[in-house]
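Protein chains: 2
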Amino acid sequence: MSNYKYAILGTGALGGFYGAKLQKGGFDVHFLLRRDYEHVTKNGLIIDSKDGDFTLPKVKAYCDVAKMPKCDVVIVAFKTTQNDLLPQMLPSVVKDDGVVLVLQNGLGIEEEVANIVGSNRVMGGLCFLCSNKVGLGHIRHLDYGQITLGEYAVDYYPVGITQRMQQIQKDFETAGVRIELAEDLLLGRWQKLVWNIPYNGLSVILDATTDELMADVHTRELVEQLMYEVALGAKSGGRIISVGFIEMMLDYTVKMKPYRTSMKIDYDEHRPLEVEAIVGNPLRKAQAAGVNLPLIGCLYRQLKFLDGRNRWK
Amino acid sequence: MSNYKYAILGTGALGGFYGAKLQKGGFDVHFLLRRDYEHVTKNGLIIDSKDGDFTLPKVKAYCDVAKMPKCDVVIVAFKTTQNDLLPQMLPSVVKDDGVVLVLQNGLGIEEEVANIVGSNRVMGGLCFLCSNKVGLGHIRHLDYGQITLGEYAVDYYPVGITQRMQQIQKDFETAGVRIELAEDLLLGRWQKLVWNIPYNGLSVILDATTDELMADVHTRELVEQLMYEVALGAKSGGRIISVGFIEMMLDYTVKMKPYRTSMKIDYDEHRPLEVEAIVGNPLRKAQAAGVNLPLIGCLYRQLKFLDGRNRWK
Numbered sequence: 149m150s151n152y153k154y155a156i157l158g159t160g161a162l163g164g165f166y167g168a169k170l171q172k173g174g175f176d177v178h179f180l181l182r183r184d185y186e187h188v189t190k191n192g193l194i195i196d197s198k199d200g201d202f203t204l205p206k207v208k209a210y211c212d213v214a215k216m217p218k219c220d221v222v223i224v225a226f227k228t229t230q231n232d233l234l235p236q237m238l239p240s241v242v243k244d245d246g247v248v249l250v251l252q253n254g255l256g257i258e259e260e261v262a263n264i265v266g267s268n269r270v271m272g273g274l275c276f277l278c279s280n281k282v283g284l285g286h287i288r289h290l291d292y293g294q295i296t297l298g299e300y301a302v303d304y305y306p307v308g309i310t311q312r313m314q315q316i317q318k319d320f321e322t323a324g325v326r327i328e329l330a331e332d333l334l335l336g337r338w339q340k341l342v343w344n345i346p347y348n349g350l351s352v353i354l355d356a357t358t359d360e361l362m363a364d365v366h367t368r369e370l371v372e373q374l375m376y377e378v379a380l381g382a383k384s385g386g387r388i389i390s391v392g393f394i395e396m397m398l399d400y401t402v403k404m405k406p407y408r409t410s411m412k413i414d415y416d417e418h419r420p421l422e423v424e425a426i427v428g429n430p431l432r433k434a435q436a437a438g439v440n441l442p443l444i445g446c447l448y449r450q451l452k453f454l455d456g457r458n459r460w461k
Numbered sequence: 149m150s151n152y153k154y155a156i157l158g159t160g161a162l163g164g165f166y167g168a169k170l171q172k173g174g175f176d177v178h179f180l181l182r183r184d185y186e187h188v189t190k191n192g193l194i195i196d197s198k199d200g201d202f203t204l205p206k207v208k209a210y211c212d213v214a215k216m217p218k219c220d221v222v223i224v225a226f227k228t229t230q231n232d233l234l235p236q237m238l239p240s241v242v243k244d245d246g247v248v249l250v251l252q253n254g255l256g257i258e259e260e261v262a263n264i265v266g267s268n269r270v271m272g273g274l275c276f277l278c279s280n281k282v283g284l285g286h287i288r289h290l291d292y293g294q295i296t297l298g299e300y301a302v303d304y305y306p307v308g309i310t311q312r313m314q315q316i317q318k319d320f321e322t323a324g325v326r327i328e329l330a331e332d333l334l335l336g337r338w339q340k341l342v343w344n345i346p347y348n349g350l351s352v353i354l355d356a357t358t359d360e361l362m363a364d365v366h367t368r369e370l371v372e373q374l375m376y377e378v379a380l381g382a383k384s385g386g387r388i389i390s391v392g393f394i395e396m397m398l399d400y401t402v403k404m405k406p407y408r409t410s411m412k413i414d415y416d417e418h419r420p421l422e423v424e425a426i427v428g429n430p431l432r433k434a435q436a437a438g439v440n441l442p443l444i445g446c447l448y449r450q451l452k453f454l455d456g457r458n459r460w461k
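Protein chains in written order, with our numbering: chain B, 149 to 461; chain Z, 149 to 461.
Since the hints were derived computationally from the structure, they do not count as laboratory data. Being a predicted model, the structure only gives us computed values, none of them experimental. It is possible that part of the hints are untrue.
Identical copies look the same in the list; a pair holds intra-copy or inter-copy alike.
[What the hints assert, rightly or not] Below are the SDA-like pairs computed for lysine to any residue, each with C-alpha atoms no more than 25 Å apart in a straight line:
| id | residue 1 | residue 2 |
| --- | --- | --- |
| 1 | Lys383 | Asn458 |
| 2 | Lys190 | Gly283 |
| 3 | Lys215 | Tyr292 |
| 4 | Lys403 | Arg457 |
| 5 | Lys318 | Asp212 |
| 6 | Lys172 | Gln317 |
| 7 | Lys383 | Val439 |
| 8 | Lys340 | Pro442 |
| 9 | Lys281 | Glu395 |
| 10 | Lys383 | Pro442 |
| 11 | Lys215 | Thr310 |
| 12 | Lys405 | Gly428 |
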C-alpha cells in the first residue's frame with residue numbers, strides 16, 4: 149500500500165465512487181466538487197453499493213483546485229465536455245513526479261493532457277462501471293467497477309507494464325476495485341469504442357435501449373457494421389481488433405439486461421453529449437491516417453445536430 | 149383532346165387532385181376509393197386550390213376494382229406501401245392497348261408493374277405537388293402540380309418521346325396540369341431521389357424540418373454527402389447527375405419555406421413509411437451493380453427500425 153495522495157476531479161457517479169472506495173481503503177483522497185461542495189463538506193459521501201453500502205461522514209472537499217494539495221495521482225473523473233478546464237486545473241494539483249489518470253470515455257484525451265503536464269505524466273483508464281448519482285453526495289453503484297489501466301506515451305506508443313501502474317493497481321485492489329493492466333492503452337481505447345460508438349450513438353438518434361437495437365434485424369446489422377468500422381479505425385492506428393472480439397461484444401450485449409446508455413441519459417437530461425471524445429476524435433484520427441469511416445461520420449453529424457438542438461430546449 | 153378513359157387508383161391528396169382536374173377538364177374519370185367511398189358517392193369531391201377552388205358534385209366512384217370499366221390510362225396514385233395490391237388490381241382495369249401510369253415516389257416500381265401488365269404498357273410520372281387531404285373527399289392543393297412523364301421500357305432503356313406520352317400531355321394540359329416529357333425516366337427518378345432520400349430520411353430520423361436540416365452545419369454536410377451518394381447510385385445505373393444539379397437542389401431547399409416532408413407526415417400519422425421504394429430500392433439497385441452506398445444504407449436501417457416501432461404505437 150502506497151502513501152500516494154489521490155485527487156478526484158469531478159465527484160460524480162464515477163469519481164465519487166472510486167474516490168470513496170479509496171478513502172475507505174485508507175488512502176488520502178482530495179475531492180473537487182462543484183454543485184455538491186457545501187453539502188458534502190457538511191455531510192460527507194453516501195455510497196449505496198451492490199458490494200456493500202457505506203458512508204464517509206468526513207471527506208476532504210474542495211470547490212477550488214488552487215486550494216488542493218499537490219497529489220501523486222490526479223484522477224480526471226468529470227465528463228469530456230468539461231475538458232476545456234484541464235489546462236487551468238491540472239498544473240497546480242499534480243506533483244512533479246505525479247501522474248494524471250484520465251478515467252474518461254473516448255479517444256485522444258491523453259494527448260490533450262500530455263500537452264499540459266508532459267507525456268510522461270499521463271495514464272488512461274477504461275472504466276466498466278454502472279453507477280448513478282442519486283442525490284447530493286449520494287451515489288448508487290449498480291454493477292461492475294473494474295478499470296483497465298494503461299500508460300500513455302507519445303503517439304500512444306505501447307510501453308507495457310510499468311512500476312507505477314502496478315502500484316496504482318495495488319492501491320485500488322486494496323480499496324476493493326479490480327484493475328486490469330493493459331500493455332497498450334490505445335488498443336484498449338479502440339476496443340471500448342467498439343461498444344460505445346454504436347450503442348451510445350444509436351440509442352440517442354433512435355431513442356432506443358440496447359435490447360431494442362439488438363432485437364430489430366436492421367439496427368442489429370447497423371450496430372455490427374459500425375463495430376467493423378471502429379475496427380477499421382483501430383487498424384488505421386496500427387491496432388488490430390479481431391472478428392472474435394466484435395462477436396463477443398454483440399453476444400454480450402444481447403445477454404445484457406436492457407440498458408439505457410450514458411449518452412442517452414445525458415441526452416434525456418439535456419446535458420452536453422460526449423460526441424467529440426467518443427465519435428468525433430476516432431473519426432478524425434482515422435481520417436488523418438487516410439481512412440474514411442462513413443457510417444461513423446453519419447452518426448457524428450446526426451449526433452451533433454441533436455446535441456445542438458437538445459441543449460436549447 | 150383524347151377520348152381516353154382514365155382510372156384513378158387511390159383518390160387521396162394526389163390521385164384525387166389530378167383525377168378531379170381531369171374530370172373538370174372534360175375527361176371520363178373513374179375513381180377507386182376505400183374509406184371515402186360512401187361519402188364521395190353521395191357528395192362528390194371538393195378541391196381547394198391555389199389555382200381556383202372547385203367542386204365535383206358527381207363522380208364515378210368505386211370501392212371494388214372489379215366493377216370499374218377497362219381504362220386507357222390507369223393512374224396508380226396510392227402510396228407504394230400498398231403496392232402488394234397491384235397484381236390483383238391492374239389486370240382487370242387496364243385495356244389491352246392501355247397504359248398504367250405510376251405516379252409514385254421511389255425506384256423500381258415500373259418494373260413491378262411491367263411484370264404484371266407487360267413492359268410496353270407502363271409509364272412513370274414524377275409529381276411535384278404540394279397537396280393534403282383535409283377531410284372525406286376534400287383535398288387542399290397548396291402549391292406546384294407539374295408532372296414529369298416518361299415511358300418505361302425493359303431495364304429502363306430510354307425510349308425518348310412517344311406519341312402516347314404526347315397525348316397524355318395534351319389531356320393533362322387541357323385539364324390545367326403542366327406536363328414535362330422526359331426522354332429518360334430512370335434519370336428523372338434518380339434526380340428526384342437526390343432530394344427525397346436525404347430530406348425524407350433525415351426529417352424522420354432527426355424529427356426535423358428542411359430548414360432545420362439546412363441551418364445546422366453538420367446536417368447540411370450530411371445532406372450533401374447523401375446527395376452525392378444518390379448520384380453514385382445513379383451512375384451505377386448509367387445515369388449522370390451533375391454537381392450543378394446537386395447544388396441547385398441544395399440552393400432550392402435553402403430558399404424554400406420550412407417544409408415537413410411527406411415521409412415525416414406519414415411518420416407523425418403513424419402510417420407505414422415508403423422506405424423500400426424511396427431508400428431500399430435505390431440501395432439494392434446500386435448494390436446489384438456492385439456499388440456500395442454506406443450512408444444511404446445507414447439511413448435505410450435507421451428508418452426501418454423507426455417505421456417498425458412507429459406502427460405499433
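Each hint, compared with the structure:
{"no.": "1", "hint": "Lys383 / Asn458", "verdict": "neither (34 Å within a copy, 38 Å between copies)"}
{"no.": "2", "hint": "Lys190 / Gly283", "verdict": "within (14 Å within a copy, 65 Å between copies)"}
{"no.": "3", "hint": "Lys215 / Tyr292", "verdict": "neither (33 Å within a copy, 68 Å between copies)"}
{"no.": "4", "hint": "Lys403 / Arg457", "verdict": "between (34 Å within a copy, 22 Å between copies)"}
{"no.": "5", "hint": "Lys318 / Asp212", "verdict": "neither (29 Å within a copy, 80 Å between copies)"}
{"no.": "6", "hint": "Lys172 / Gln317", "verdict": "within (16 Å within a copy, 84 Å between copies)"}
{"no.": "7", "hint": "Lys383 / Val439", "verdict": "both (9 Å within a copy, 24 Å between copies)"}
{"no.": "8", "hint": "Lys340 / Pro442", "verdict": "both (20 Å within a copy, 23 Å between copies)"}
{"no.": "9", "hint": "Lys281 / Glu395", "verdict": "neither (32 Å within a copy, 49 Å between copies)"}
{"no.": "10", "hint": "Lys383 / Pro442", "verdict": "both (15 Å within a copy, 19 Å between copies)"}
{"no.": "11", "hint": "Lys215 / Thr310", "verdict": "neither (31 Å within a copy, 85 Å between copies)"}
{"no.": "12", "hint": "Lys405 / Gly428", "verdict": "neither (28 Å within a copy, 32 Å between copies)"}
Violation of the numbered hints given earlier is confined to hints 1, 3, 5, 9, 11 and 12; the remaining hints are satisfied by the structure.
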